[in-house]
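*Asks:* Reading the sequence shown from the start, the letters are residues 1 to 116 in the working numbering.
Just so you know, the hints here were simulated from the structure itself, not pulled from any lab data.
Model, not experiment: these values are computed from the prediction.
Take the hints with a grain of salt, since some may be wrong.
[As the list claims (entries may be wrong)] Calculated lysine-lysine pairs in the DSSO-like style (CA-CA distance at most 27 Å, straight line):
#	residue 1	residue 2
1	K75	K102
2	K86	K64
3	K86	K43
4	K86	K75
5	K43	K64
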Amino acid sequence: QVQLVESGGGLVQAGGSLRLSCAASGTSFSIIVMGWYRQAPGKQREMVATISEGGNTNYGDAAKGRFTISRDNAKKTVSLQMDSLKPEDTGVYYCSALVRYKGDYWGQGTQVTVSS
Numbered sequence: 001q002v003q004l005v006e007s008g009g010g011l012v013q014a015g016g017s018l019r020l021s022c023a024a025s026g027t028s029f030s031i032i033v034m035g036w037y038r039q040a041p042g043k044q045r046e047m048v049a050t051i052s053e054g055g056n057t058n059y060g061d062a063a064k065g066r067f068t069i070s071r072d073n074a075k076k077t078v079s080l081q082m083d084s085l086k087p088e089d090t091g092v093y094y095c096s097a098l099v100r101y102k103g104d105y106w107g108q109g110t111q112v113t114v115s116s
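Starting from the given sequences, assemble the full structure and let the hints guide the process.
*Replies:* Next comes the structure, spelled out in C-alpha cells:
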C-alpha cells in the first residue's frame with residue numbers, strides 16, 4: 001500500500017517562509033510525477049506545483065516566483081519551499097504522487113496558516 005506522509009505545515013506570519021516535505025513509501029515502482037495541491041476553506045483544490053521524475057516543474061499562478069518544488073527520486077521525497085507567504089496561501093496542502101503502474105495517491109494533508 002502506497003503511503004504519502006507530509007510534514008512541515010504550521011502557522012507563520014505574512015512574508016515568512018515554510019518548507020513542506022512529503023515521503024512516499026510502500027512501493028518499489030518509480031514515481032512519475034510528485035506534486036503539491038492546496039485547498040482553502042470554501043474553495044476547490046488547486047495545483048500548487050508539480051515535478052516530474054526528470055525534474056520538469058510546473059507551477060500554479062499563485063506559486064510562481066515564490067515557491068520552489070524539488071524532489072529526491074532515490075528517497076521518493078518531494079519538498080515545497082514557500083517564501084513570501086501571504087494570508088491567501090492559507091489552506092490544507094496535500095502531497096500527491098503518480099506511481100508507475102499503480103496510479104494516483106494522496107497524503108492526508110498538512111495545514112498551513114498565514115497570519116496578516
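*Asks:* Hinted pair, alpha-carbon criterion (27 Å max): K75, K102. Please report holds or violated.
*Replies:* Holds: K75 and K102 sit about 18 Å apart, inside 27 Å.
*Asks:* Against the 27 Å threshold, does the CA-CA distance of K86 and K64 hold or violate the hint?
*Replies:* OK: K86 and K64 at ~13 Å, within 27 Å.
*Asks:* Is K43 close enough to K64, meaning Cα to Cα at most 27 Å?
*Replies:* Since the Cα atoms of K43 and K64 sit roughly 20 Å apart, the hinted pair holds (cutoff 27 Å).
*Asks:* Sort out whether K75 lies within 27 Å of K86, counting only the CA atoms.
*Replies:* violated, 30 Å
*Asks:* Does K43 lie within 27 Å of K86 when you go C-alpha to C-alpha?
*Replies:* Holds, at roughly 17 Å.
The structure fails to meet hint 4 from the earlier list, while all remaining hints are met.
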